[in-house]
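> Sequence:
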Amino acid sequence: MQRLLRTGPTLGCLLLMFSMVLARIILSCSDLVLQLDSLEDVWDGHRLFTHVLCATDIHLLLLSLFLFPLLFWRMEEQLGTLYFLQLSTLCTLSSAILYLLISSFLPLPPVPASGYLATQLALLIAKHKAFIWRLSKKWSFMLPYGILIITQFIFPESPLLFHICGVISGLAVRAGLLHHFELSVLRRQALDSTHLCSCLGSFNLARFIPAQAESTLLHDINSTAQERLPFTYIDAYESVLSSDFPIGGTAMHNSNVTNLRESPVWLGDPISLEDEMLEAGILASLREYEEQEKRKQETTLNKSSVSALR
2 MQRLLRTGPT LGCLLLMFSM VLARIILSCS DLVLQLDSLE DVWDGHRLFT HVLCATDIHL
62 LLLSLFLFPL LFWRMEEQLG TLYFLQLSTL CTLSSAILYL LISSFLPLPP VPASGYLATQ
122 LALLIAKHKA FIWRLSKKWS FMLPYGILII TQFIFPESPL LFHICGVISG LAVRAGLLHH
182 FELSVLRRQA LDSTHLCSCL GSFNLARFIP AQAESTLLHD INSTAQERLP FTYIDAYESV
242 LSSDFPIGGT AMHNSNVTNL RESPVWLGDP ISLEDEMLEA GILASLREYE EQEKRKQETT
302 LNKSSVSALR
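Going by this note's numbering, 24 is the number at position 23 of the sequence shown; the sequence numbering is gapless.
Derived by calculation from the structure, the hints in this document are not laboratory data.
Any given hint might turn out to be false.
So the derived label-pair ranges between C-beta atoms look like this [as the list claims (entries may be wrong)]:
#1 LEU279 with THR300: 44 to 52 Å
#2 TRP140 with ARG288: 31 to 39 Å
#3 LEU109 with GLU280: 52 to 60 Å
#4 ILE155 with GLU280: 25 to 33 Å
#5 ARG288 with THR195: 19 to 27 Å
#6 HIS47 with VAL22: 25 to 33 Å
#7 HIS47 with GLN153: 49 to 57 Å
#8 SER31 with THR195: 32 to 40 Å
From the three backbone atoms N, C-alpha and C, an ideal C-beta is built for every residue, glycine too.
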C-alpha cells in the first residue's frame, strides 16, 4: 500500500533514541554492560535488556542514532509502533542470551556486550523488506552484513561477538524460529484500540503508527522461499499449460483448468505446490487413460457387432 509519508520521527524510534542519550548522560556503562561475570545475582538480570542503552564507544552510539532516521523510521511505519518495539525487545533478548551461551564456551572473556547496534542488525535482517524502498532487493539484503564488516574495520574494539549474535538472532526471527513469541496481528490491533494508545496517537511530537494489516507486515517465515509474490493454483497451471510439454505425459483439458479456478489461493511452500501439481497431473493422466480405454472398448464392441451381423 503506497501512501505519502508524513514528516517527523516515529514514536518508537524517538523513545529509543531519547533513552540511549539519557542513559549515556546520567548512567554509568559499568552498571549496564552485559558480560558473563556481571551476572552475579538475580537483580543483575536487567542487563539482558539495559545493555542496549549504553555504548562504551561514543562512535557506536552516534552510528546507532544515525541509523534510526535513515532506516528505522520507515521500518516502524511498515510494522507499527507496538510491533516494532516488541520485535526490538525480542531481538535484544535473543542476542543477549546467545552471547552469554557462546561466552561460556570461550577460554577468554570477550568484549562486553553494549549498545543497540546488535539489535539494529537483527532487525535489518529479520525485516529487510521494510526498508527495500531505499535500496534494491540485493543491496537491502547485504546492508546489515556490510555494516557489521565496516564497523569492525573502523572500530576494532567494538563487541564483534555480540554483533554476530545479533545477526544470528535476525536470521532466527526471519526463519520463523521465534514466531511464537511475537504478538499476533489481532492482539496488536486490540492493544492499539486501548485508551493509552489513543492518547499516544494524538501526540504531536512523534507519530504513533497503528498495527498494519497482515498483508503489509512483510513477515518472512521460510527464508527465501517466501520472498516471492503469492500466486494461485491456476497461475501455476496456466504457466505450465503454456509450455511445450504436458503434465504427467498428457495434456490437460480446458475443463480441468476451469475446475482449478475454483481452488483456493495458495500462499504456502512451493515444495507443497509441486506435490499438488504432480498429483493433479497424475489424476489428469488417469482420466485421459480411462477415456482412451473406453474408446477402445467401444471400438471393439462395434467391430464385434459388425462381425456378428456379417
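> Next step is simple, just say for each hint if it's right about the structure.
Structure-based check of each hint:
A C-beta distance of roughly 32 Å is found between LEU279 and THR300, which places it outside the suggested range of 44 to 52 Å. Separation of TRP140 from ARG288 is about 49 Å and departs from the stated range, judged on CB atoms against 31 to 39 Å. Remark: the range hint 52 to 60 Å for LEU109 to GLU280 is upheld by a beta-carbon distance near 57 Å. Here the CB-CB span from ILE155 to GLU280 is close to 55 Å, at odds with the stated 25 to 33 Å.
Against the hinted window of 19 to 27 Å, the Cβ-Cβ separation of ARG288 and THR195 comes to about 56 Å, which falls outside the hint. Against the hinted window of 25 to 33 Å, the Cβ-Cβ separation of HIS47 and VAL22 comes to about 19 Å, which falls outside the hint. Taking 49 to 57 Å as the suggested C-beta distance range, the pair HIS47 and GLN153 does not conform, at roughly 27 Å. Here the CB-CB span from SER31 to THR195 is close to 38 Å, well matched to the stated 32 to 40 Å.
Consistency with the previously given hints fails for numbers 1, 2, 4, 5, 6 and 7, ordered from lowest to highest.
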